[in-house]
Structure formats: C-alpha cells, structure tokens
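Chemist: Build the full structure now, drawing on both the sequences and the hints.
Here is how the chains run, residue by residue.
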Amino acid sequence: MAPPIESRSSEATGPAPVDDLPMVARPGRIDTASRAALLILAAAALGLPFILQALGSSYYLSFASRIVIYAIAATSLNLVLGYAGLVSFGHAAFVGLGAYATGILISEGVVGGGWHLLATVAVTGLAAAVIGAISLRTRGVYFIMITLAFAQMLYYLANSMKGYGGDEGLNIRARSLFGFGAIAYDLKNPSALYYTALAALGASLLALDRFGPSRMGRAVVALRDDDVRAEALGFPTFRLKLVVFVVAGVLGGIAGALSVNLQGYVSPNVLHWTQSGTLMVMVILGGVATVWGGLIGAAALLLLQEMLSAYTDHWEFWTGWVLLAVVLFARRGLVGLAAGLRSPRARTG
Amino acid sequence: MPSVLLIEQTLNGLQFGLMLFLLAAGLTLVFGVMDMINLAHGSLYMIGAFLAAWLVALTGSFVIGVLGAVGLTGLFGMALEAALLRTLYARDHLSQVLATFALILILNDGVKMLFGTDLPLSAPAALSGPVELLPGLQYPAYRLLILGVGSALAIALYLLVQKTRMGALVRAGASNRAMATAMGTNISALFTLVFGIGAALCAVAGALLGPLLAVQVGMGENILILAFVVIVIGGIGSIRGALVGSVLVGCIDTLGRTGLQQLFREFLPPQWASAAGPAIASIAVYVFMAVVLAVRPQGLFPART
Amino acid sequence: MIHRTLQSAAAASLFASTLALVGGAAFAADKVKIGLVSTLSGPSSALGVDIRDGFLLGVKLNGGKLGGLPAEVLVSDDQFKPDVAKQLFEKNIKRDKVDFMTGVVFSNIMLAALPEAYDNNVIYISPNAAPSSIAGKDCNPLFFAVSWPNDAYHEAAGQFANTRNLKSVYLVAPNYQAGKDSLAGFKRTFKGQVVGENYTKLGQLDYAAELAEIRAAKPQAVYIFLPGGMGINFIKQYVGAGLGKDTTLLLPGFSADQDVINPVGSAMAGLFNTAHWSPDFTNPANQKFMAEFQKEYKRVPTLYASQGYDAALLINAAVRDVKGKLEDRDALRKALKAARFDSVRGPFKFNTNQYPIQNYYVRTVGSDSKGGLINKSFNEPILRDHGDAYVQSCAMKG
Chain E
1 MAPPIESRSS EATGPAPVDD LPMVARPGRI DTASRAALLI LAAAALGLPF
51 ILQALGSSYY LSFASRIVIY AIAATSLNLV LGYAGLVSFG HAAFVGLGAY
101 ATGILISEGV VGGGWHLLAT VAVTGLAAAV IGAISLRTRG VYFIMITLAF
151 AQMLYYLANS MKGYGGDEGL NIRARSLFGF GAIAYDLKNP SALYYTALAA
201 LGASLLALDR FGPSRMGRAV VALRDDDVRA EALGFPTFRL KLVVFVVAGV
251 LGGIAGALSV NLQGYVSPNV LHWTQSGTLM VMVILGGVAT VWGGLIGAAA
301 LLLLQEMLSA YTDHWEFWTG WVLLAVVLFA RRGLVGLAAG LRSPRARTG
Chain Y
1001 MPSVLLIEQT LNGLQFGLML FLLAAGLTLV FGVMDMINLA HGSLYMIGAF
1051 LAAWLVALTG SFVIGVLGAV GLTGLFGMAL EAALLRTLYA RDHLSQVLAT
1101 FALILILNDG VKMLFGTDLP LSAPAALSGP VELLPGLQYP AYRLLILGVG
1151 SALAIALYLL VQKTRMGALV RAGASNRAMA TAMGTNISAL FTLVFGIGAA
1201 LCAVAGALLG PLLAVQVGMG ENILILAFVV IVIGGIGSIR GALVGSVLVG
1251 CIDTLGRTGL QQLFREFLPP QWASAAGPAI ASIAVYVFMA VVLAVRPQGL
1301 FPART
Chain G
2001 MIHRTLQSAA AASLFASTLA LVGGAAFAAD KVKIGLVSTL SGPSSALGVD
2051 IRDGFLLGVK LNGGKLGGLP AEVLVSDDQF KPDVAKQLFE KNIKRDKVDF
2101 MTGVVFSNIM LAALPEAYDN NVIYISPNAA PSSIAGKDCN PLFFAVSWPN
2151 DAYHEAAGQF ANTRNLKSVY LVAPNYQAGK DSLAGFKRTF KGQVVGENYT
2201 KLGQLDYAAE LAEIRAAKPQ AVYIFLPGGM GINFIKQYVG AGLGKDTTLL
2251 LPGFSADQDV INPVGSAMAG LFNTAHWSPD FTNPANQKFM AEFQKEYKRV
2301 PTLYASQGYD AALLINAAVR DVKGKLEDRD ALRKALKAAR FDSVRGPFKF
2351 NTNQYPIQNY YVRTVGSDSK GGLINKSFNE PILRDHGDAY VQSCAMKG
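Protein chains in written order, with my numbering: chain E, 1 to 349; chain Y, 1001 to 1305; chain G, 2001 to 2398.
In case anyone wonders, no lab produced these hints; they're calculated from the structure.
All values derive from a computational prediction rather than experimental measurement.
Some hints here could point you the wrong way.
[Stated by the list, open to error] Here are the simulated BS3-like cross-link-like pairs (lysine-lysine), alpha carbons at most 25 Å apart as the crow flies:
1) G:Lys2081 x E:Lys188
2) G:Lys2097 x E:Lys188
3) G:Lys2325 x G:Lys2094
4) G:Lys2033 x G:Lys2323
5) G:Lys2187 x G:Lys2167
6) G:Lys2097 x G:Lys2065
7) Y:Lys1112 x G:Lys2081
8) G:Lys2298 x G:Lys2370
9) G:Lys2334 x G:Lys2397
10) G:Lys2094 x E:Lys188
11) G:Lys2325 x G:Lys2097
12) G:Lys2245 x G:Lys2218
13) G:Lys2349 x G:Lys2334
14) E:Lys188 x G:Lys2137
15) G:Lys2337 x G:Lys2325
Modeler: Here it is, written out as structure tokens:
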C-alpha cells in the first residue's frame, strides 16, 4: 500500500527527482522547415556584425557577444544541471576561474591566446575534478551546499588577492592574441571576439546535440532520473557524474576566458553565488536538458533586461515575475512551452 | 591579543552570531519542517529593516518602530506563505531555489519602488554611548541591547520548541512529516505559523542591525548564505543546532578576521594583510562547514531521527 | 519539428525589434553631449547626487548651454559597481556618442571604466576621484582632474597634525586605490608615529573590530578616510564605543562634510578637517554658487557639489574657447588645460599632469545661523599652491 504522503525528505529516499524533465530527443530526421530555419538563424548570426554596421548600431555587437558568452556558460550548466540532474550552485566559480586565469596571464604580459586556452582548460579542469570528486559523494541539499561552499571559497580567495586587484577587480588593456603565421587575430577587435565566441557556442551545441542521444548521454540521463537503480544496473555512476561535471566546468571556464576578453575587466563578483543563480535562471528559462535551452535562456534574459530597462528602472521586478511564472507553470522552459504548443501530448514527455 | 581586545572581539562575535541565529532559526524550521529551500529569507530580513526605518521615522519611537516592523513582517511572511510558497512544498529543490530566487528579484525591486534604495536608521539616542563593562573596557550600549535581545529570543525559542505543545508539533514535523500528518495535526496552519515566526525573527535582526549596517536594497543576500551555512553545520530542523552553529560561525568570522590580520601584518604589507585576513576567515567558515559535512553530514545536532 | 522554426523565428524577430526600438543613435551635430555616470544609489549616494546636482546647476545657470552650445547631459547610476559603470560608459560613448564623460565618485569604479574613454578618444573630466597612478606614470592627455589629487587632503591633514603636536596616530582607510593614496599622503607629511594602519573593506559599515583594535592601540589621535556612508557609520560607532573622550578624531573633508554632518549630528561639532573648499569662501563665484544651490535644491552643498559645478564651468570655458569646434580634440585639450574659468574655490590652475595646483585649508565644524552645523574655514591655507608628489613620473611636460 502506498504511503499516505510521499516523503520528500532528501536523505531518506535519495535525491528528489527533478520533476517533469523531458526525455532526451530521439535522434531523428530534421525536417526541411527546421533545416531552413536553422540556416536562416546561422546566416543571421554570421552576418550580424555587418548588419549592425549597416544599421549604425555597432555598439550592439558587444551586446550580442555577451549573449553568446552567457549562452556558452548556461549551456555548460545545462549539461550538469539538466542532463545530469546535479543542482550545482557553484557553477559561476568555473566561469570566474577561466576569467581570472586568462586575466592574470594577460596582466603578466602573456597575451598568446593559445596559452590562455591551455591555462583555462587546465585550471578549470583541475578545479572541477577536485570539487567534483569531493562534492559528488553527497546528494540532495548537501550537494547544493557544498558546491556553493567551494564557489564562495574561491570568491573570497579572489577577494584576498590584492596583487591582482582583490575586490577592486583586475583591469587589462590587452586581449588574447592568436597568431597564425603572419595573420594576427586579436580579440580586441569586436568582430573577432564575436566570431570566436560564436564558434565556441556552435561547437558546444553540436557536441551537446550528439551527446544527448549517445550511449553515455542516455546513461547520464538514466542516473539523473534514478541513480540508485542505475547503480544497481551496473552503471559507473560516480565516474559518469564526475566526467560530466568536469566537462561542464571546463566549458564554463572557456566562457569566462571569453568574457574577460569582452569586458577587459574581471572582479570577484563573477564568482558570487548570485551569478550562479543567474545562470540557473537562464537554464530553466530556456529549457532544462535541451540543446538550445542555454542559448534561448541567455538571450531571453538579457534581451528582456535590455528592453525593459529602456522603459523602466524596475526591470528586475518584471523579470522576477516572468521567472516565477516559468517555474510555476512552464516547467520545461521556453523550449518546453513551444513543444507544448505544438502538441499537447508532448507535455507528458 | 591583549585580554581587553579579546573580550571585546568575543562580544562582537557573539553579537554577530546571535543576529545570524535569528535568521538561521527561521530558515532551519522552514527547511526542517516544510523541506523547502527558501532563498527569499534574506529578503524578509531586508523588509524588516526597511519597515523599521520607515516606522521609526514616522512615529519617532525606536521601540514602536521595531515592534511594528516585526509584526508587519510576520504578517507579510504568513501571507506570502499562504499565497505563494505553499505551492512549492511539493516541488523539488531546484524549483524551490529558482522560484525563491525570482522572489528575491521581485522583493528587492518592490522595496526599491516603495521606499527607495536605502533609508536611514539610527540607534535610539539613549543607547548611542558606551557602557563601562570593566575598567578599560567600554562597550557600545546599543550592541549590548542586541546581545540582550538576541539571547532573550534564543531562550524564548528554545522554550517554545522544547516545552510547548506547538513546539512538539514542530519537532515532530521536522523529524517525520508523514507521521505528523497521519497523527492529525493541521499541517497547513502549522506551516503558516512557522513561516510567520521565521519572518518575524528576520525582522528583529534586520531592524536591530539596521543602525549598524545600512538599510539598503539587497542587504539580505550576503547574510542569507551564512545562514544556510549555519543550518547545515547545526543540523537542519534543529534550533539548538542553529544557535550553536551561529555562535561558532560568528566567532570564527569575527575573531578570525582580526586575529589573522594581525598575524599577516607581521610579514605582509598592510593593504595585503587587511585583504587576506577577512578573506581567510571567511574561507575558514566554509572549510568548517565542509568538514562537518564530511564527518557528520546530518549536522552537529540533527533534528531528524 | 516545427517548434524549432518557431523558436528561431521568435528569437530573430525579438532581436530585430530590440534593435529597432533602441538602435539608431541620435547624432548630435550642434550640441555638447556629456555622459555623467555616478553613484546615485546606496549608502554613499549622497556624493554622486551632489556631483550631479552641482553639474546640472552649472549647466542651468548658463542657460542650459556650455560654451554657447546647447548641452545634453545623460545621467546614469553606476550602483557602486565597476562593471555597471563600464557598461554605462560604453553605452554613452558608443551608442550616444558623447563628447565628454564625467561624474564617477569612486577611484576603483573610475579605473575600471576609463579604458572605454581612452580607447575611443573621449575626454574624461573627473569631478572627484583622481588617483596617484594617473597623476604619475599612467597620466593621460584625455584625463583632467577638476577636484584634487587623491593624496592632497590627507597631506594637508598630516601637516595639520604636526602643527597640533600630535605624536601618535592610528590610520583607517578602505582597501582600494584611493584608500591607499590617502594614507600614503598622510604619512608623507606627518612627522609623528603611526601606531596602526588598518584597511577596511570598501563599503564596510560595521567597524566593531577596528574600533576594538584602536582602543587596544591607545593612540593620541585617529585619522580616517571613510567617505560617504562608511564615514557616517564609523563616526557614530566611534562615539558609541566611547573612544571620543581620550582620542582626537582628525578627518579629511570627505568625512566631515554636510552629507556626514547631517546624519551624525552634534557629535561632529568642533571636529577639524581639511579640504580645498569651504562653504564660507567669499569669492564671487562661490557666493553665487552657494546662493543658487540652496535656492534650487534646498540644502547646503557639499564639496562634491562644488566639484560637479566646477566641472561644468571648466567644460563651459573650454568649449567657449574653441568656439564650439569639439572635433578638434587637440585644441579642446589645450583649452581645458588653460582652465580659464572662475572656480568656486578661488584660484585654479592645472599642473603638467592635468591635476590641480591649489591651496588646502583647515576647517572646523561650527554652528550656522539656523542652529545647525556647517564647516567654517581658517583663512590661512595649511598647504599653499600645492601640486602632487607624482607629477615627475608623468610623461606629459606642459
């Protein structure tokens, strides 16, 4: 006989399943309409700098780059949060580590983009491996708290490093420079930065699209939905979660490295828990465990903010209501909303 | 550290810890009994502070202002719980985190729209001077008030939870909700009341700390995280744990930052020592929590059986 | 999968409509556009608000014009956050195409945002922050400080401490560029012993720990640089801890001006502080400023307001001198450097590094005619025709 009230106590029955998450999309045919739409989107994205130049609004290129960079960070969180079901409240730490690794190198005179990439991957990979190895032994609210704790530790560490600005932040004048023979590709050029970020985003989305339906992807989703059973079935749950955690961390770090190139400035605020919260907002807004969720969530939140602040000082107020509505009524984010509009049957996932 | 300095810093740590306890107590009850992560708890602290500042300016009386703020915030908390938050009890932690994060945005801006970004709040003039505790040790009267009120509320809460019927229901709910419901308690009303009490406690902390810090939008965000750390250390659902946890965290943070600064000044330039000291003290708090999680994951005084 | 099409279409049209709404910057042909970014919210907002109000008053008294051209001042709030300031600078410079940027209160915020101006050849007129780095090795032809070098008030205070025969002092300042500059300045002139040097977190408001340490160190005097809300809280808590009885509190003008006097109240009476300007200066420019500001805003201006006002006057003089030809940056900079305007502080001139050379005075908080408190200055400046210690490291030579 079923218990009268389902207990939601975290440690009693294992992590509460994240409700209503979609099964990953079956690999299937992409119909011509979608293919056309994707091509249009790609063309618009690739042509954006020229379009903006023609409109006389090249100021907005840096805004577009910001969306793309946040999309990369949100997508990386989606991997860990959506696909693997790990509510990591410290993801901003990896973005911040990437930003600081690159920023510190530039401030010390090392401008080679290759070095920056190497340092970012090494530092964030190592940090994610260590943090993951420790945190993934816990579950439920304790996992949330311990990932938060590590992020806060890094936040205070950044604050303490007066040599690299501390809480005043670190200003850099140069940017990442990629040299291919005689051609120098300097990320100080707004278009260069935009295309680099776009390439990174494209690669991430492609990889995620392939990952979802792959064997490993389906294993990860299986353990998200019920890791006790997955373990019983013989999946190496800890190892799987750790791999996903590290990959997501490194991708977040790359977003951070790009962001310090965009801003020319990094401060400990990038590591603050409210930034992790913002990334989570983007993921849920866009759609958990979907390929496009990170991009759509980032674009939606940033565009909402930009549009609202043109009319009112209180854009945070309205953003909060939108978010609340999404959490309460559109649990699968904007992607899910669109899927639901198409077919009511799809709502049950 | 010379002994007068040590005593004074310990008192400071205790004062900070007791205020942290007022937040942690409400949070641990809500989490323990309703199994809900409420990120908007810090916003209730902020609302309490703003209401106090507004009422004190309106009535000219510190006491009336604070009491009024506490009452109003308690009512607001109950209304919030009944109208919105109870729909989140059945949801998973992630949804709770996101919904209450949204609530932070709404409440921050809502307060800004009503009151502006910050309001002035001063300690009552009678308490703006020092009290001589020991020869050579003068301690601000206002902080002694905070210590007094904090201690009194800690005792009152302990008595409420341990010695009253309502407290027994709360403890039962915290340790096993299914059973408590099966035994016939009116869970809804209990939850609303618990939430209201938690909100009122936040308001006390906000109103009392207002003159020392600043009553400003977003003031809840930093102290909120520390409150979560405290309840994890103390044990979710345990008032005793919240008290011990807050005092420990308060003292580690306060004594740590000054002690470490003094230590670092021996071999670092003063700007670096001043930056490193508080940072390492804050890190120490999180390391402490991580250690507790590793060694005794249910916390120091677990409420759950 | 039609929903993907819907999504892409939605995203594209959302983006396009955003551009349509906010795109298309207005090109200003015959006017002067100024971006004023300042701290207009939070515990230290009084400073930014005064700078803004002083600047806008200067423009208003000129008939809404600067140098004969209609002036458009775009005001925004940096919320005490460097990254917000950076974005606002970028918006003003790249989207709104301003001719000047001005307004920032805090050195750390300004240092984060300045590169936007430098990279786009836009002149920045600082009505407040003026760090030692830009006075010296980082000096830049696009940067003009119409206020004072960061160290100056504190050098004056150190000198004043000497005249008072103070032998031991405990120092407190926030841990950022201006804090570092302030205590360096004090130590440069002060001849006694520094028994403690404590850097607090910028924005910190609870000073229990620092006050306990001060008590243990038993100095003769305490010198603090804590502007805005920080100073208000410190002084209140200082009095609350009973330290006022045995130790002299010495202040720079930043912690003893009207924005601190009003909330702290009678505890401020009699406290000495140093500044480049005082409300009781009798020169005609200041008398006009004092009268008009109080008429317009119904409050006594702080030194921040006087700086905002002087910034407007400086821009007015320079634009007038180049006859409105703002595109000629070299001529504009030369005109700015000549500074042919009547400042409310009295005589004003720029040093080779585009920082002021001026007098600094001692002030004391006394009673005004209406029973409140206001600063009153001593006639003799404590430092006369004083520049800064960093000008030698600046590559600009005249």
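Chemist: Indicate, hint by hint, whether the structure satisfies it.
Modeler: Hint check results:
{"no.": "1", "hint": "G:Lys2081 x E:Lys188", "result": "holds, 23 Å"}
{"no.": "2", "hint": "G:Lys2097 x E:Lys188", "result": "holds, 20 Å"}
{"no.": "3", "hint": "G:Lys2325 x G:Lys2094", "result": "holds, 20 Å"}
{"no.": "4", "hint": "G:Lys2033 x G:Lys2323", "result": "holds, 15 Å"}
{"no.": "5", "hint": "G:Lys2187 x G:Lys2167", "result": "holds, 13 Å"}
{"no.": "6", "hint": "G:Lys2097 x G:Lys2065", "result": "holds, 18 Å"}
{"no.": "7", "hint": "Y:Lys1112 x G:Lys2081", "result": "holds, 17 Å"}
{"no.": "8", "hint": "G:Lys2298 x G:Lys2370", "result": "holds, 14 Å"}
{"no.": "9", "hint": "G:Lys2334 x G:Lys2397", "result": "holds, 13 Å"}
{"no.": "10", "hint": "G:Lys2094 x E:Lys188", "result": "holds, 15 Å"}
{"no.": "11", "hint": "G:Lys2325 x G:Lys2097", "result": "holds, 16 Å"}
{"no.": "12", "hint": "G:Lys2245 x G:Lys2218", "result": "holds, 12 Å"}
{"no.": "13", "hint": "G:Lys2349 x G:Lys2334", "result": "holds, 13 Å"}
{"no.": "14", "hint": "E:Lys188 x G:Lys2137", "result": "holds, 24 Å"}
{"no.": "15", "hint": "G:Lys2337 x G:Lys2325", "result": "holds, 16 Å"}
Checked against the numbered hints above, the structure violates none of them.
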